[in-house]
Structure formats: structure tokens, C-alpha cells
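Engineer: Residue numbers (our numbering), protein chains in the order written: chain A, 256 to 608; chain B, 256 to 608; chain C, 256 to 608; chain D, 256 to 608.
No lab work stands behind these hints: they were computed from the structure.
Wrong hints could be hidden among the right ones.
Taking beta-carbon pairs under 10 Å as the criterion, some of the chain D residues facing chain A (in silico) [what the hints assert, rightly or not]: (1) Val293; (2) Val296; (3) Ala312; (4) Ser473; (5) Thr501.
Under the rule of at most 25 Å between Cα atoms (straight-line distance), these lysine to any residue pairs were calculated in the SDA-like manner [claimed, not checked]: (6) B:Lys519 to D:Glu367; (7) A:Lys333 to A:Met256; (8) A:Lys261 to B:Val337.
The structure displayed is predicted, hence computed values, not measured ones.
Even glycine gets a Cβ: it sits at the ideal position worked out from N, Cα and C.
4 protein chains.
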Amino acid sequence: MIVILKPDAGEALVQDIIAQIEAIGLQAHLSKGQFRTVIGVVGEEGTIDKEHLLSIAGVEQVLPIMKPYKLASREFHKADSVVEIACPQSGTLKIGGGSCLMFAGPCACENEEMVHAIARQIKAAGAAVLRGGAYKPRTSPYSFQGHGEDALRWLRDAGRENNMPVITEVMDTRHVSIIEKYTDVFQIGARNMQNFNLLFEVGRTRKPVLLKRGMAASIQEWLMSAEYVLSQGNRQVILCERGIKTFETALRYTLDISAVPVVKANSHLPVIVDPSHASGVREFVPALAQAGMAAGADGIMVEVHDCPSKAMCDGPQALLPEQFADMVRTLERLVASLGRKFCSVNAMAPVPV
Amino acid sequence: MIVILKPDAGEALVQDIIAQIEAIGLQAHLSKGQFRTVIGVVGEEGTIDKEHLLSIAGVEQVLPIMKPYKLASREFHKADSVVEIACPQSGTLKIGGGSCLMFAGPCACENEEMVHAIARQIKAAGAAVLRGGAYKPRTSPYSFQGHGEDALRWLRDAGRENNMPVITEVMDTRHVSIIEKYTDVFQIGARNMQNFNLLFEVGRTRKPVLLKRGMAASIQEWLMSAEYVLSQGNRQVILCERGIKTFETALRYTLDISAVPVVKANSHLPVIVDPSHASGVREFVPALAQAGMAAGADGIMVEVHDCPSKAMCDGPQALLPEQFADMVRTLERLVASLGRKFCSVNAMAPVPV
Amino acid sequence: MIVILKPDAGEALVQDIIAQIEAIGLQAHLSKGQFRTVIGVVGEEGTIDKEHLLSIAGVEQVLPIMKPYKLASREFHKADSVVEIACPQSGTLKIGGGSCLMFAGPCACENEEMVHAIARQIKAAGAAVLRGGAYKPRTSPYSFQGHGEDALRWLRDAGRENNMPVITEVMDTRHVSIIEKYTDVFQIGARNMQNFNLLFEVGRTRKPVLLKRGMAASIQEWLMSAEYVLSQGNRQVILCERGIKTFETALRYTLDISAVPVVKANSHLPVIVDPSHASGVREFVPALAQAGMAAGADGIMVEVHDCPSKAMCDGPQALLPEQFADMVRTLERLVASLGRKFCSVNAMAPVPV
Amino acid sequence: MIVILKPDAGEALVQDIIAQIEAIGLQAHLSKGQFRTVIGVVGEEGTIDKEHLLSIAGVEQVLPIMKPYKLASREFHKADSVVEIACPQSGTLKIGGGSCLMFAGPCACENEEMVHAIARQIKAAGAAVLRGGAYKPRTSPYSFQGHGEDALRWLRDAGRENNMPVITEVMDTRHVSIIEKYTDVFQIGARNMQNFNLLFEVGRTRKPVLLKRGMAASIQEWLMSAEYVLSQGNRQVILCERGIKTFETALRYTLDISAVPVVKANSHLPVIVDPSHASGVREFVPALAQAGMAAGADGIMVEVHDCPSKAMCDGPQALLPEQFADMVRTLERLVASLGRKFCSVNAMAPVPV
């Protein structure tokens with residue numbers, strides 16, 4: 256950490272700050288320039304508090320040298336992490352380290368039949384993991400809020416039938432244990448990226464966690480939220496870029512495509528892209544999915560619906576099953592041209608549930 | 256709601272959409288222009304779904320005419336709402352309708368003595384409501400997370416001693432009942448503005464709720480979150496602007512001062528400003544507090560600490576007690592020049608707890 | 256255009272607005288809903304002014320149905336526009352309609368030798384158009400401002416030698432005629448995207464114009480700026496996305512990758528991506544270039560320098576020539592997988608200048 | 256400047272960088288920490304280039320200690336600058352150092368009569384400087400672009416008649432000399448804040464320059480643009496905050512009220528607020544003007560029109576003359592409560608022109 260003093264900072268202040276730094280076992284390097292006095296702090300930055308130093312009158316700036324996250328950092332763990340997701344019948348899906356995954360399914364699980372029908376169609380088209388909402392975060396209290404445990408059951412059964420692991424969003428610390436029973440991957444939504452108690456709770460399970468980026472979260476804050484999960488012992492974190500809030504209103508959010516290579520440079524965790532929520536418009540989903548994979552993402556998550564105009568939420572952004580199939584074929588060619596590939600397991604004959 | 260069709264939309268689509276609108280008991284007004292066909296929907300917008308219409312192929316845009324919130328709207332409730340907060344010993348504080356309130360206190364309740372000491376000092380200087388954190392939302396899992404129930408007790412006792420109602424943040428649905436026992440006002444933090452289950456839970460209590468704006472929330476989304484609380488029967492909602500995320504990095508957030516008059520125009524709920532979190536820097540707090548009151552806010556919430564460089568969080572933004580006292584005197588003159596005033600009750604002799 | 260009246264708007268206002276609409280030869284369609292009165296305007300929106308209607312007391316909202324640009328719109332010109340750039344010795348480069356172009360070169364033309372050296376290297380690696388700055392927009396008045404006409408001469412000569420058309424930025428209406436003499440394509444920089452007099456001036460020439468998006472410009476404002484050029488009779492406009500300002504500070508700007516498909520949907524003009532300025536960091540340029548081409552861009556513009564640490568500006572973002580060559584090879588495979596290709600002409604034997 | 260090396264930077268790199276620093280006459284301080292090597296550079300930061308250092312392989316970060324502007328900085332010039340504007344008949348208006356100014360007038364000078372009529376009304380209500388557009392920056396090439404030199408003449412004459420200095424926007428380097436003849440203060444609009452050649456040109460005149468903040472400009476970039484003007488010898492710069500682009504769409508821009516105290520802390524230049532362009536809506540102008548003055552602004556600039564629904568541009572944001580008069584009375588009380596006051600000179604009897 257580097258402490259820069261105000262131009263009028265006197266000798267007493269300098270000595271006071273040095274004493275404080277040494278009191279916690281670190282070394283202070285003093286450097287008096289023509290215009291400013293600078294104190295360098297040598298040692299583990301974690302043990303000295305940036306805010307404490309900033310609170311001292313006479314201090315102008317405090318510049319951290321190290322990243323504030325550790326377990327999530329590439330410096331701590333040099334190789335790409337590979338997250339493994341067991342399939343209900345047999346086989347294991349891998350994401351990270353060059354292995355890509357396709358997540359797809361309806362926005363909300365609306366009824367048992369539609370979940371099964373869509374699962375079959377997307378499995379045939381190349382999806383590996385089945386997504387579907389049971390508890391839905393809705394902007395309006397008057398909107399459909401999800402079918403809860405019924406939806407979890409439909410999702411699990413459709414996953415078993417098609418040998419697809421399932422993922423669903425958890426929004427409330429009180430729902431972690433029931434969702435853990437039914438699903439294979441926890442999804443933390445953008446609005447809950449800094450719901451720190453929820454992060455702690457899923458960090459205490461041993462199921463993979465897909466952590467969406469908050470729409471106003473910096474990449475650093477996002478990795479700090481991953482650190483919350485990792486710090487509890489759960490090392491199975493997948494990041495998901497889904498668009499940020501900017502002044503541009505042509506689409507619902509602005510997909511921050513740079514987040515993909517920036518995360519890769521700073522962290523070992525796999526990262527995917529969600530072009531459905533980023534755009535909010537079906538027509539733009541394939542182009543953004545292509546961009547995501549070309550930028551180096553480890554996978555894509557999209558919404559698919561067999562009758563979008565009857566969808567209970569987010570219909571405008573859902574692909575039709577045949578559009579999804581087309582998109583997957585293009586993505587396969589594209590990632591092959593870059594030397595990577597999508598991971599899949601064979602579909603099994605439906606197992607009586 | 257107004258539905259605009261794509262240039263190439265044919266007669267069959269027009270008839271289909273009209274039939275759908277009429278099927279739910281609304282009227283459709285057809286208007287064929289030179290370049291576009293437009294269908295106006297007459298009736299309660301709540302019963303027809305914008306996303307459903309947008310999902311139909313051939314529809315270009317769907318423009319809502321009405322606001323999506325109702326109970327929070329000025330149209331629904333013309334007069335300013337006044338929220339009343341009972342003081343522990345005697346008297347009632349009012350916020351809204353020309354009556355302003357000053358909320359102050361430490362970021363976190365660090366120990367019993369400091370809470371009492373700061374409470375006494377800020378009461379003497381003009382604060383009406385005592386704030387203090389018991390459960391702290393921290394960006395890092397390794398930072399101090401708050402003293403929990405101990406802190407709640409210190410806060411309640413310091414409030415009683417000084418006849419000040421107390422407010423603290425609730426972050427987890429599992430904490431609502433314990434916090435309800437100890438405090439007078441729930442605070443929903445910016446990161447939880449769209450933690451919808453939490454909004455439902457505090458909406459089911461009968462204690463006032465101070466709802467901070469999310470750092471990426473539009474004013475409309477913020478009012479929709481207020482609607483969540485109101486929809487459960489709790490009409491005691493106070494809004495709090497605390498800065499949004501923008502490209503400007505000179506301060507921690509960008510205080511959206513326009514939010515104050517825009518909320519006033521669209522809603523009857525009281526709205527306050529938090530210049531401490533908006534700026535993150537003590538030196539800029541008074542200017543932003545002045546701006547907030549001049550823009551029409553119903554109050555201010557600031558952090559005060561008697562030794563900011565020893566604060567366990569957010570020290571750089573905490574005012575010293577004497578700075579706070581100066582600020583209050585200036586604000587009193589300023590709001591008097593605009594014909595409003597701060598509400599207060601007399602301090603009582605300390606009551607043995 | 257659709258005019259929505261305030262809830263308390265009376266009959267007199269309705270009649271007054273209708274009269275105003277009819278007075279300019281348009282038709283008004285009245286629709287009285289339960290909560291609002293709505294007036295639809297039928298005819299060319301261009302002849303009625305949104306701001307005029309909004310200024311009338313009693314009007315709540317005015318919603319345009321049509322886009323405010325015409326010549327730039329896909330509705331006006333359904334097929335992709337193809338911009339042709341003649342090469343100095345022989346051949347013509349095409350951009351648009353499936354033909355992609357690679358623009359590359361140094362940030363600033365620093366001296367004659369370096370321009371020639373870099374031109375040769377990037378031509379060999381696959382660049383089609385040579386870029387280089389003669390007049391540089393610099394944040395600081397104390398920074399190097401470009402070598403002016405000398406640089407224009409070096410650029411033209413290096414272009415001739417390698418049969419590459421050249422592009423350079425024009426910043427001042429007074430420089431249009433001299434730059435026109437030396438270069439093949441005008442570049443309008445992000446900071447001048449709404450320098451309307453400059454747009455008019457280049458619109459009056461007959462040389463192609465590459466129009467960068469302003470860092471705070473919406474896609475609609477960007478297309479309106481293209482309309483400025485088109486309206487003067489110059490139909491050779493190429494758009495360039497180069498990143499917008501957002502709250503994210505990991506890289507210099509946030510590349511708005513969605514702008515590529517959104518521009519394609521709304522306009523017939525070719526659009527390219529500049530990952531050098533978007534990221535500001537060499538290491539991230541290839542991933543963003545890949546994302547741009549995968550999203551459907553018609554080309555890429557990057558900065559290349561043979562010794563970035565000696566560059567007079569923007570060294571950190573310049574690729575080394577061998578990095579550029581690697582990137583081009585990857586991009587060629589990638590665009591081939593999507594059925595498009597880069598346009599090029601053969602290098603000629605150097606011609607004595 | 257502080258140079259932080261990558262974790263794997265070897266001794267040779269360290270020695271190379273130190274040699275480069277010493278070669279330009281500065282001193283290098285080496286500090287080897289547990290995790291990083293840091294080199295402090297002692298001396299005038301201006302002589303060493305941040306980008307050069309960043310371009311060297313092995314360098315992770317370069318952190319400047321000093322601000323990049325000098326003449327604009329509070330460190331260079333401790334006291335508030337006071338800009339003086341001579342009135343056409345007699346007297347001088349001062350802005351800065353506690354003296355505030357009210358700028359008002361129509362968006363565009365539409366015809367001779369309206370300019371005179373509005374000038375008289377706003378002078379009577381308390382305006383000191385008359386604003387009015389002659390060359391208008393319009394988003395659309397098809398919109399009214401201003402009456403040019405005619406408008407300049409109307410403006411000058413109305414100013415003379417009412418003893419008000421006049422201000423108008425300059426958009427093109429070719430117009431500087433004609434505008435200089437007719438007006439007292441140059442206005443640089445938000446879209447031209449980084450039109451560097453234009454800044455140089457007005458910097459070479461000796462008339463005050465009002466520099467609006469670009470809608471995507473950081474406060475630092477804005478002060479760098481002021482530095483462009485100052486560097487040419489013109490020390491009469493007034494800054495004007497007029498709103499920035501953010502995700503919030505309730506109003507046209509987001510007024511960055513914090514910019515006022517942040518500019519005051521970092522610069523000696525006077526700063527005013529323009530609530531008309533920030534909001535785009537008449538109804539919100541007074542609240543934002545109050546906020547601006549309460550935050551410490553040295554003045555306000557607003558648009559006034561006697562018949563906004565007939566305005567040729569920006570009608571929805573123009574105050575009526577009586578609304579303007581009310582606003583001024585409130586602002587006078589407000590700034591008096593804060594110990595400041597508006598500067599004015601007496602109106603003279605109309606002088607035959």
C-alpha cells in the first residue's frame with residue numbers, strides 16, 4: 256500500500272503514520288519528493304486498513320498495490336479452475352480450462368409439461384445444463400413470482416429424464432436448503448450479487464455456484480463476491496456476465512464483453528455470458544452469444560421457450576427451440592476455429608422417475 | 256398501452272392482436288398511419304402484459320402510458336405522506352409534508368460506550384434519529400461484519416437514554432424479527448433494494464422502512480421496490496437517495512440530486528439524502544447535505560464518529576461531532592429560508608434502563 | 256407521433272392540440288381512455304416538432320414512432336451499403352455486405368521511417384488500410400499534438416509504396432481541405448462526433464468518412480451524426496464503435512459490443528470495431544477484436560507500433576507487428592467459420608515516389 | 256509517479272527502468288516488498304510520461320501522484336479566481352470569491368423583438384448576463400441551426416439596451432473572430448469540451464470563456480480542457496456543470512451536483528450550474544438551481560422564453576419570465592442564508608443604438 260500525504264503534511268504526521276504501520280508488524284519506506292511525501296508499506300496488505308489510513312487528517316491518497324481478493328485471484332491459483340457438474344444418470348460435465356458448456360431453458364418453469372418439452376428440445380439441440388426459474392425476482396410485486404417447490408420438482412425430473420444437471424436461482428437464505436435438495440448448481444442473480452449472507456450460505460454448501468455480475472458491479476466487486484463463496488470452502492464458482500447499466504437504452508443492458516478477458520487475466524474461475532438478459536431481445540441473442548465465445552467465455556446461458564408470446568416472463572428475449580439449435584451449430588463452428596469445444600454427455604433413454 | 260407494429264405487419268396480425276386485447280375485456284383503438292399501424296389499448300394497463308405483446312412477431316414497440324407503480328404514486332395519493340416515528344420516552348417525530356428530520360450516528364456500533372457517547376453529542380447538536388450498524392454489508396468477506404444483537408442492544412439503550420428513535424440496516428429475511436424487537440425504523444440498504452423477499456418481510460411489519468436507492472436503480476425501479484413494501488400493507492416508507500454508479504470517480508458515487516424533485520413529482524412518499532455514502536469523503540458531506548435540503552429533501556442522514564481514524568468502517572466519510580453541529584446550524588438557516596423546518600423533540604433526563 | 260395528455264387535461268386543450276396538428280397538414284386521431292387522453296398524429300413525423308408539443312402545458316409525454324434519422328436507416332435503404340476505397344496503385348477495397356476490412360497503423364505518425372516500416376510490416380500481415388495520426392486530440396495541452404502536414408505526407412507516401420489507402424483524423428473545419436489532398440478516408444474522432452460543422456464539411460467532400468462513436472453517444476445520436484454527413488450528399492460513411500464511458504474502470508472504456516448488431520438492424524451502413532482505444536491495453540486487443548468480428552462487424556481498426564515503449568502516444572495499447580500478424584490469422588479463421596472474409600488487394604512492387 | 260512491477264519482474268528490468276528515470280534528470284527510489292517491487296519517481300511528473308512507463312513489458316501499474324493540470328489547480332493558485340465582465344454601458348460584474356452571477360436568456364435568438372423583450376424581462380427580474388444562441392448545436396441536420404450573425408447583432412443590441420454583457424456559444428474555430436466582435440463571454444458547449452483546437456483559439460483571445468462540462472467528461476478531463484484555455488494566456492475561465500450521461504432516464508441528464516464542491520477543492524476557477532440543460536424540463540429547474548447554489552456554485556445559467564411552446568428549440572426546459580423572477584427571489588434568500596450574494600449592476604435608461 257502506498258500512502259501519499261498532502262503538500263502541507265508535517266514531520267509529526269509522517270512519524271505518527273510510520274509508527275502506526277510498524278505497530279502492526281509492517282515496514283514503512285519513506286520517500287520525500289519535491290511536491291509530496293510518500294510512505295510505502297511493505298508486507299501483507301490485508302493486515303492494514305486502507306480506510307483507516309485515509310481517515311487520518313493529512314493523508315491525501317492511499318493506493319493499494321495488491322488486489323483485495325485472494326482465493327479468486329490468478330496470482331493465488333495460476334491454472335484455470337475446472338468446475339465439474341455430475342449428470343443425473345451418468346457422466347460429468349466440465350467447465351473451464353478449454354471446456355465450454357451450454358446452459359439453456361425457460362425463464363420460469365411454468366408447468367410440468369413445458370419444462371419437459373423444452374428440456375427435450377434443447378438437449379437434442381446441444382444444451383448441457385437445464386436452467387429454469389422456481390423463485391423469480393420480479394420488479395413488480397404484482398407480477399408472477401414463480402411456482403416455488405413445484406417448479407423445483409418439474410425441473411429435477413426433466414433433468415433426470417434427459418440426463419441434464421439443473422440450475423435455478425436462489426434469492427433468500429431461507430431457500431438454500433430446499434433448493435440444494437433439488438438442483439445441481441445454485442444461481443445467484445444479478446440483484447443478489449452483494450447479498451452477502453446469501454453468498455455465505457451457498458459457500459457453505461458443496462454445490463457449484465453460478466454468480467451473475469450485478470448490473471452496477473465493477474469486475475473487482477464481482478470477484479470480491481466470488482471470494483465470499485470461496486472463503487467458506489466452496490471452490491466451485493462459475494462467473495456469469497449478463498450486462499451492466501449504462502446510458503445506452505437500445506437494449507436492456509450493455510453486455511460488457513471486455514469482462515470476459517479481464518476476468519480471465521485476473522482470476523482462474525470459469526466465466527460465461529448470458530446474452531438473453533443482456534439484450535432482452537431475441538433477435539440480438541445469437542450475435543452476442545458469438546461475441547461472448549469469441550472473447551474467450553467458457554460457455555453461454557440462454558433462455559428458450561416453445562411459445563414466447565405465452566411466456567410468463569421475459570418472453571421477448573426467449574429463443575425458439577429451432578433458433579437455439581441454429582445458434583448452437585454456429586457457435587460450435589466458431590469455437591472450433593479458436594481451438595476450444597463444448598462439453599456434452601450422451602442423452603440416456605428416459606428413465607422412469 | 257400503445258402497440259406499434261412493424262412496417263410490414265399484415266392485416267391478420269392486426270386482427271389477432273385486437274382479438275387478444277378484447278379477450279381480456281379491454282378496448283382496442285386502431286390507427287393506420289402512413290408508415291406504421293398503431294393500436295391503442297384502453298383500460299387498466301395492469302391487466303395486459305407489455306412483455307406478452309412485445310413477444311408477438313410483428314410488434315415493433317409497446318409503449319406504456321401509465322406508471323407501473325400505484326400505491327407509491329402521486330396520482331393515487333395526492334397529498335404528501337407524513338411518516339410518524341414514536342420516540343422512546345415521549346413525543347413523535349414527523350417526516351414529510353414540510354417536516355424534515357436529521358438522522359445521524361456511527362457507521363457501525365463498535366462498542367457500548369461509543370454508541371452512547373456519539374448519541375449524546377449528536378442529540379445535543381440537533382439529530383432526531385440515531386442510526387448505527389449492527390449487521391454490516393461489507394465488500395470483503397474478511398472485513399468486520401458487525402456486532403449483531405449486541406450492537407442492537409447498545410443502539411436501543413442509547414436511543415432510550417436520549418429519547419431518540421433508532422434505525423439500523425436489515426440484510427437478511429432471517430433477521431427481520433430480531434431487528435423489529437430492538438429498533439424503530441428498518442433500513443434497507445442500497446445493495447438490497449431489489450431483495451424482493453426482504454421487502455415483502457418488512458412490508459408485513461408495521462414499523463417504518465427507510466428504503467435506500469440501489470446504486471444502479473432507476474427512480475422507477477426504486478418506486479417499484481417501495482411498492483413491494485406498500486403492497487403488504489405497510490404505508491410507512493421513507494426513500495433515501497445515496498448516490499448512483501456513473502463514470503465519474505472523483506467521489507465514491509454520484510449523488511443524483513434530481514432524484515429529490517423527481518420523486519416528489521411522482522410520489523407522495525418522503526425522501527431524504529445520504530451525503531456520507533454518496534461522497535465517501537467527510538470534506539464534501541456538508542455541501543451535499545445543503546444541496547439535498549435545497550432540492551426539497553425531507554431530511555438528511557449522515558455518519559458521525561468521534562474518532563474517525565479508529566472507525567471500524569467508513570471512517571473517511573464520518574463527520575466529527577463538532578463538524579456535524581456546524582452543518583446542522585447551516586442547514587437550519589438554509590431550510591428556514593425555504594419555509595421548512597427540522598422536526599425535533601426535547602431530550603429527556605436520562606431514564607435508568 | 257403520439258401525444259399523451261395529463262390526467263386533468265380538459266376538452267379545450269384537446270381541441271387546441273388537434274387544431275395545431277391539422278394546421279400543418281397532418282391528421283389527428285383522438286383516443287380517450289379511462290385514465291388518459293391520447294392523440295395520435297398521422298403523417299410525416301419530420302414536419303411536427305416533438306419539443307413544440309412537449310412545451311404545451313397539459314401534455315405529459317410525446318412518443319415518437321419513427322426513428323429521427325432517415326438516410327442512415329435500414330428502412331430507407333434495405334440492402335447493406337458497400338463503401339469502396341480505391342487503392343493508390345490499383346484495385347479497390349470494399350467494406351460492407353459481407354466484405355470485411357482491416358485498418359491498422361501507428362497512433363501518431365512520428366517520423367517518416369517509422370511510418371514506412373510499420374506500413375510494410377502490417378501490409379505483409381494482412382492489413383488493408385493504413386491509419387496514422389497527423390493532428391492528435393490530446394487531453395493535455397502540454398502533450399505532443401501531431402506533426403501536421405509533414406505527417407500527412409509520410410502517410411500518403413507509405414500508402415503509395417504499399418498500395419494501401421490511408422486514413423487520418425480531422426479535428427478542425429479548417430483542416431478538411433488539406434487532409435482531403437493527402438488521404439483516402441477521413442476519420443472523425445469520438446470527441447468530434449457531435450462537432451456538427453465538421454460533419455457538414457466532410458459531408459461536402461466525396462471521400463469516405465469513418466465516424467467514431469462518441470464515448471457518451473447513444474446509438475441513435477451516432478446515427479444522427481451519420482445523417483449529418485449523408486444529408487450533404489456523401490453516402491460513403493463507415494461507423495466505428497470504440498467504447499463508451501461507464502462505471503467500470505478495469506479498462507479505459509467499455510466496448511459496447513451490442514452496438515454492432517443493433518446498428519446492423521437499424522442501418523445499412525458498415526460498422527467496424529476499434530479494440531485498441533476501447534481497451535487501452537495491448538493484452539486485451541485480440542479478444543475484443545475477435546468479439547467484434549463474431550458480433551458481425553465489417554472490420555477492425557487497431558494500433559500497431561514497432562516499439563511501443565518509444566511511442567509518442569498510446570503506447571500501452573499498440574500491438575507489436577508480430578502480435579498483429581497472429582491476431583489477423585486468428586480473425587481470418589474466425590470470420591471464415593461465419594461465412595465472411597477480409598478484403599485485400601495485392602501489394603505492388605514499391606513504386607518510386 | 257509510482258511504478259509497480261509485475262510479480263515476476265527481474266533485476267534487469269528494475270535497473271533498466273531506473274536508468275530511464277535517471278536519464279531524464281529525476282531520482283528513482285526503489286522499494287522491494289514481499290509481493291511487488293515498487294519504484295518511486297521523484298521530481299516534476301510533467302517530464303516523465305506515464306504511457307511510456309506503462310508500455311514497458313513487466314510494468315503492472317503506473318500511479319501518478321500529482322494532478323495532470325497545473326494552471327487550473329488550487330495548488331498552483333490558492334485564492335479563488337474572480338472573473339470580471341465589463342457591462343456595455345457602465346459597471347463590472349464579478350463572479351467568484353463569494354460573488355455570484357445569474358445568466359439567463361432564450362435558448363436561441365429567434366428574432367430581434369423576442370431577444371429584446373426577454374432581455375428586458377429578465378433584467379428586471381435580476382439576471383446579470385444575457386445568454387442567447389446564434390449558432391446552435393442540433394442533434395439533427397434537419398433542425399433549425401441558428402440565425403448566425405443576425406442573431407449576434409440582436410443579442411449585442413439587447414445587451415446594450417439593458418446594460419447586460421452577453422454570452423453566446425462558439426462551435427467552430429472559423430467563428431471565433433466574428434463572435435469575439437459581438438459578445439462579452441464565449442461559451443464552449445458540452446459537445447465541444449474536447450474540441451481542442453477551439454479551446455486553443457478562445458484561449459488566444461482575452462474574453463472570458465464559459466466552459467461547459469462534456470456529458471461524458473470526468474471532472475479531471477474538464478479541468479484539463481480549462482488548462483487548454485489557460486495555457487494560451489487567457490485566465491478568465493468560468494466552469495459550468497450541466498449534467499452527465501448516466502443510466503437514469505427520468506430527466507435528460509444527471510446533474511452532478513458533487514462536481515461543484517469537488518471543483519472548488521481542486522481548482523480556483525468559478526463554477527456555475529445550468530439546471531435547464533441538465534433537466535430538460537421546466538418544472539425541475541428551480542429545485543436544481545437551489546441545489547446548485549446550496550452546493551456552493553458561483554452562479555446559475557437558465558433558459559427563459561416568453562412563449563415556450565413557440566420556441567424554436569428546447570421549449571420544454573425554458574422558464575416563463577414570471578417563473579424566472581420567482582426563482583431568483585428564492586435563490587437570493589437561499590444564498591443570503593449561506594453568506595453569499597448575487598452581483599448586479601443597475602439597469603441604465605435605454606441608450607439609442
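Engineer: Each hint needs a verdict: does it hold in this structure or not?
Structural biologist: Status of each hint after checking the structure:
Against a cut-off of 10 Å between C-beta atoms, the interface hint on Val293 of chain D holds, since the closest Cβ of chain A lies about 6 Å away. Here the hint on Val296 of chain D is kept, as its CB sits about 8 Å from the closest CB of chain A, short of 10 Å. The criterion of a C-beta within 10 Å of any C-beta in chain A is not met by Ala312 of chain D, whose closest approach is roughly 15 Å, and the hint is violated. The restraint placing Ser473 of chain D at the interface with chain A is violated, with a minimum CB-CB distance near 15 Å, outside the 10 Å limit.
For Thr501 of chain D, the interface hint holds, since its Cβ comes within 10 Å of a Cβ in chain A; the closest pair sits about 6 Å apart. Only pairs whose Cα atoms come within 25 Å are accepted, and Lys519 of chain B paired with Glu367 of chain D is rejected, the gap being roughly 39 Å. The straight-line distance between the Cα atoms of Lys333 of chain A and Met256 of chain A is roughly 23 Å, inside the 25 Å bound, and the hint therefore holds. Our distance criterion of 25 Å between C-alpha atoms is broken by Lys261 of chain A and Val337 of chain B, whose separation comes to about 46 Å.
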